[in-house]
Amino acid sequence: MIPRNLFKKANNELEDRQVVEEFVEPTQTCPDCGFELTTTELKDNHEVCSKCGHHFRMNARQRVELIADKDSFEELWADMESQNILDFPGYDDKLRSSKAKSGESEGVIVGEAAIGGHRCVMFVMEPEFMIGSMGTVVGEKITRAFELAAEKSLPVVGFTVSGGARMQEGILSLMQMAKTSGAVKRHSDAGLLYIVVLTDPTTGGVTASFAMEGDIILAEPGALVGFAGPRVIEQTIRKKLPKGFQTAEFLLDHGFVDAISPRSGQRDLLINLLALHSKEV
Amino acid sequence: MEAYDKVLAARAKGRPTAMEYINNVFTDFQELHGDRRYGDDGAVVGGIGRLCGEAVTIIAQEKGGSTKDKIARNFGSPNPEGYRKALRLMKQAEKFGRPVVCLVDTSGAYPGMGAEERGQGLAIAENLMEMMTLKTPIISVLIGEGGSGGALALAVSDEVWMMENSIYSVISPEGCASILWRDAKKVREASQCLRLTAEDLYELGVIERIIPESDKDFGAAYELLRTWLKKALDDRRDLPLDELLEKRYERFRKFGK
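Respectively, the protein sequence lines represent chains A and B.
Using our numbering, the letters of the first sequence correspond one by one to residues 1 to 281.
Using our numbering, the letters of the second sequence correspond one by one to residues 282 to 538.
In short, the hints are calculated from the structure, not lab data.
Remember, it's a predicted structure, so these values are computed and weren't measured experimentally.
The reader is advised that the hints may include incorrect statements.
[Said to hold, decoys possible] Computed footprint of chain A on chain B, listed as stretches where at least three residues anywhere in the stretch have a Cβ under 8 Å from a Cβ of chain A:
#1 381–393
#2 425–434
#3 440–454
#4 460–474
#5 481–491
#6 504–517
[As the list claims (entries may be wrong)] Simulated crosslink set (DSS-like; lysine-lysine; CA at most 27 Å straight-line):
#7 Lys-416(B) to Lys-94(A)
#8 Lys-467(B) to Lys-372(B)
#9 Lys-185(A) to Lys-372(B)
#10 Lys-376(B) to Lys-94(A)
#11 Lys-416(B) to Lys-376(B)
#12 Lys-243(A) to Lys-279(A)
Even for Gly, the Cβ is constructed at its ideal location relative to N, Cα and C.
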C-alpha cells in the first residue's frame, strides 16, 4: 500500500519520524502484594499471583481446563437461559450484559467429566455472570447435576462462587436453596460422594445450601466465605470486622472446612480424594 | 392493600407473635430448650403441645413482646444454635412419630460475628437438607415476616401457609431498594417488585393457603388455623412415608423446572 504522505515533504524533523506503537500488555495489580502481573502471566499461572500466591477469581471454563482430564468435559444443559419471570426492573438488561461479559448463558456450567480417570459430574460457577448469583436456572442446573449423578452412581465435584440468591427472581430464587439441598440429600443418601471447593466469594443463599453440604469441603486460599456479607455484618454490629474474618483460613480455624486447597495442587488433591472413594481397587 | 402496606402490617407493633399463637392454637405446651451443642437461642421457641388432642412438636421464631423480651430474643433473628435447636426437636419428633408445626416470623438469620464463627450458613443448609427427608409431616405457617434463608430454614415442609398480613421474601425491601436504586428509601417500589405478599405467593404457587385475619378479633384466625392444621395432619396420617417424602421433594422441585 502506498503511504498517504508519499509525496508530502516533512515540515520538520519530528513530523517525519515514524511512530512505532508498541503493544502494551494489560496488567493487573495484585491486591495483596501490589505486584504488577500481565494477563498472560496470570493466565499461565492459573490466575495466581506468582509473587505472593494470591488467588484471583477464575472463569468457569478455565477451571474446567485446570481440573478435568483433557477433552473429557461434556457440557450439559448449556442452552438454559433465565427469563424475567417477575418482570423485575432492569433484569433483562442485567442478563444481557452478564452474558456478554462472561460469554456464558448463565451463572453455572455443568457437565460430565473425568478427573484423573475418575468419572464424575462437575459443576462450576461463573464469577463474571452476576457473581454466580442463584436464580431458577442455576438452581435447576445444580439440581439436575445431583439427580444425574445419583442416577448414574457418580460423585459430584463442584466449585462455588456466588453472591447468594438472585434478588431479581424474588422468592423463586429462595426456593432454589431448598430444591438444590433436596437433590444433594438424595445423592448423599444413595451413599455417593460430593466434594465442594469454595472459591472467592461464596456467600448468602449458596453458602446456606449446597456450598456447605459437601462430604468434603475444600476452600481456596484467602477466599471470602460466609452467610452474611461483611458489609451487612459491619452495619449490624456497628464495628469494623477484624482482618481475615470470613476467609477460608478463618473457616478452617473454626472447623467448617476440611482443607485449604491452593490451585497448584488442586487437581492432584481431587484425584487422590476420588481415588480414596473409588470402589475399583 | 399495596405491597408496602403489607410489609408495615407484618411488622406492626402489637401484631401477635409466636407465643400468642402457641397459647391460643395449642394446649399443654411444654417448652424444650437448647441445641445440646452450644446454647439456647431465645429467637427460636420449641417444644411439644397438643393440637386438638394430638401431640405435635412446635417450633417457632419469636420476636418478643416487651423491649426486654425483644432483646432476649434478639428481635427474632436466630443464631446458628436456634436452627440447631429446631433440627434437634424435629429429629425428636421424627423419633416419636409426632408431626411438626413451624411458625415463621423473622426479618432474617442474624448477621453477627458470632453467627458466622459458629456456622450460620451450615446451620441453615443442614435444616434444608434434613427437613426434606424428615420422616414425619411438617406444616409451616408464616405469621409475620419471612426473611430469606433464615425463614426458609423452618419452611421446607409439606405445606406452607401464610397469614393474610404476612410477607415472605428473598431479601428485605430495604435491602433490595439500596441495591437496585442505591436508595433505601425506595422501599415502596421494592416491595412491589419482590412479590412478597400472601396473594402474590399464592399466585406463584409458593404457598398452599392464606389464613384470613380480622382486624378486631384474632381469635377467629387462631380458630381457622387450628381447624386447617388438624385437617392437614389428618390427611397425612395414613399416607405412606415414601409418598409423603416424594410429594415434599416435588413441592420444591417444581420451582424453575
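Hint check results:
1. Note: the stretch 381–393 of chain B has 4 residues with beta-carbon separation from chain A under 8 Å; the three-residue rule is met and the coverage holds.
2. Coverage of the stretch 425–434 of chain B by chain A holds [criterion: at least 3 residues with CB-CB distance below 8 Å; count 4].
3. Under a criterion of three residues with beta carbons nearer than 8 Å to beta carbons of chain A, the stated coverage of the stretch 440–454 of chain B is upheld, 4 such residues being counted.
4. Judged by the Cβ-Cβ criterion of 8 Å, the stretch 460–474 of chain B is covered by chain A as claimed, because 3 of its residues qualify and three suffice.
5. For the stretch 481–491 of chain B, the stated coverage by chain A is satisfied: 3 residues place a CB nearer than 8 Å to a CB of that chain, which reaches the threshold of 3.
6. Counting residues of the stretch 504–517 of chain B whose beta carbon lies closer than 8 Å to any beta carbon of chain A gives 0, which falls short of the minimum of three for the stated coverage.
7. With a C-alpha separation of about 42 Å, the suggested pairing of Lys-416(B) with Lys-94(A) is violated against the 27 Å cut-off.
8. Distance hint between Lys-467(B) and Lys-372(B) is unfulfilled; the C-alpha atoms sit about 42 Å from each other, more than 27 Å.
9. Between the alpha carbons of Lys-185(A) and Lys-372(B) the distance comes to roughly 16 Å, so the proposed pair stays at or under 27 Å and holds.
10. Annotation: proposed proximity of Lys-376(B) to Lys-94(A) is violated, straight-line Cα distance about 48 Å (limit 27 Å).
11. Taking the CA atoms of Lys-416(B) and Lys-376(B), the gap is about 9 Å. The hint holds against a cut of 27 Å.
12. Proximity of Lys-243(A) to Lys-279(A) is assessed by CA-CA distance (about 43 Å); at most 27 Å being required, the pair is judged violated.
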